[in-house]
Amino acid sequence: MPTFRTAALAALYAATALAAATAQAQVYRSVGPDGKVTFTDRPPVDGKATPAATLPLGGGAAANLPAEVRRAAGQYPVTLYSSSDCGPCDQARAMLQRRGIPFSEKTINTPQDAAALQRVSGGNSLPFATIGGQHLNGFAEGEWSQFLDAAGYPKTSQLPASYRNPPATPLVAVQLPPPQAPAAPQGGSAQAAPAPAPAPAESTGSNPAGIRF
Numbered sequence: 001m002p003t004f005r006t007a008a009l010a011a012l013y014a015a016t017a018l019a020a021a022t023a024q025a026q027v028y029r030s031v032g033p034d035g036k037v038t039f040t041d042r043p044p045v046d047g048k049a050t051p052a053a054t055l056p057l058g059g060g061a062a063a064n065l066p067a068e069v070r071r072a073a074g075q076y077p078v079t080l081y082s083s084s085d086c087g088p089c090d091q092a093r094a095m096l097q098r099r100g101i102p103f104s105e106k107t108i109n110t111p112q113d114a115a116a117l118q119r120v121s122g123g124n125s126l127p128f129a130t131i132g133g134q135h136l137n138g139f140a141e142g143e144w145s146q147f148l149d150a151a152g153y154p155k156t157s158q159l160p161a162s163y164r165n166p167p168a169t170p171l172v173a174v175q176l177p178p179p180q181a182p183a184a185p186q187g188g189s190a191q192a193a194p195a196p197a198p199a200p201a202e203s204t205g206s207n208p209a210g211i212r213f
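When we follow my numbering, the leftmost residue of the sequence shown carries the number 1, and every step to the right adds one.
Since the hints were derived computationally from the structure, they do not count as laboratory data. Bear in mind that the values here come from a model prediction, so they are computed numbers and not experimental data. Virtual Cβ for every residue (Gly too), placed ideally from N, Cα, C. Possibly wrong hints are sitting among the right ones.
What the hints assert, rightly or not - Label pairs and their calculated CB-CB ranges:
| # | residue 1 | residue 2 | range |
| --- | --- | --- | --- |
| 1 | Ser145 | Gln180 | 47 to 57 Å |
| 2 | Gly133 | Ala173 | 30 to 40 Å |
| 3 | Gln180 | Thr156 | 49 to 59 Å |
| 4 | Asp149 | Ala94 | 13 to 23 Å |
| 5 | Ala140 | Pro167 | 21 to 31 Å |
| 6 | Gly142 | Ser104 | 22 to 32 Å |
| 7 | Pro179 | Met95 | 41 to 51 Å |
Unchecked claim - Under the rule of at most 20 Å between Cα atoms (straight-line distance), these lysine to aspartate or glutamate pairs were calculated in the EDC-like manner:
| # | residue 1 | residue 2 |
| --- | --- | --- |
| 8 | Lys106 | Asp85 |
| 9 | Lys155 | Asp85 |
| 10 | Lys106 | Asp90 |
| 11 | Lys155 | Glu143 |
| 12 | Lys155 | Glu141 |
All chains should be built: construct the whole structure from the sequences, respecting the hints.
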């Protein structure tokens, strides 16, 4: 009987295949004699390239990603949840970087972060990662590799040498405390400063009492 993980992987493979079949822009993927993978929008002369799905070019760093990486990251974005002084978190981050996976990172360092992680993952163990809608609790390189394969990420890094993942940010944004009222002077409570006296009213011929509203 298939397990939940097996069924999830099968569903992810099916979704990836469907996306590749319905892609509008045709990109061709070829592997050279030295094993280098290249992408082009024109079929090569020797006809040895295989069609690869792509997404429309977007702005920012995504526009510089190879088509295969851009498509996978667009459909199944990767987020790593980590903490300081966490050896398995360091291993998970290094694995993603070594494989060339674009990912965002959320840090868990405060009670507010931990409470938010509980709501996201249903637990409090780290590292934790999401690949699209799939949840990965704890780091096991073989398991993470299976899910990344199923999501269509290349098995080896194809990121440009200049690519950098965005810096890690707290899971819960830091909120500044509200401003505090000035402290009361010793020996008594704070009193509001007296309002300045209004300027004397000027009398006119039509308003001899000088009344102001």
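Hint-by-hint comparison with the structure:
Look at serine 145 against glutamine 180: about 52 Å separates their beta carbons, and that is inside 47 to 57 Å. For glycine 133 and alanine 173, the hinted distance range of 30 to 40 Å is not satisfied, since their beta carbons lie about 24 Å from each other. For glutamine 180 and threonine 156, the Cβ-Cβ distance of about 55 Å falls inside the hinted range of 49 to 59 Å, so the restraint holds. Distance hint for aspartate 149 and alanine 94: a CB-CB separation of about 18 Å, consistent with the stated range 13 to 23 Å.
Taken as a hint, the range 21 to 31 Å holds for the pair alanine 140 and proline 167, whose Cβ atoms sit roughly 26 Å apart. Restraint check, glycine 142 to serine 104: a C-beta distance of roughly 23 Å satisfies the suggested window 22 to 32 Å. Separation of proline 179 from methionine 95 is about 45 Å and conforms to the stated range, judged on CB atoms against 41 to 51 Å. Taken as a hint, the lysine 106 and aspartate 85 pair is honoured in the structure, with Cα atoms around 14 Å apart against an allowance of 20 Å.
Only pairs whose Cα atoms come within 20 Å are accepted, and lysine 155 paired with aspartate 85 is rejected, the gap being roughly 28 Å. Between the alpha carbons of lysine 106 and aspartate 90 the distance comes to roughly 13 Å, so the proposed pair stays at or under 20 Å and holds. The straight-line distance between the Cα atoms of lysine 155 and glutamate 143 is roughly 14 Å, inside the 20 Å bound, and the hint therefore holds. Distance restraint check for lysine 155 and glutamate 141: the Cα-Cα separation of roughly 13 Å lies within the 20 Å cut-off, and the hinted pair is therefore satisfied.
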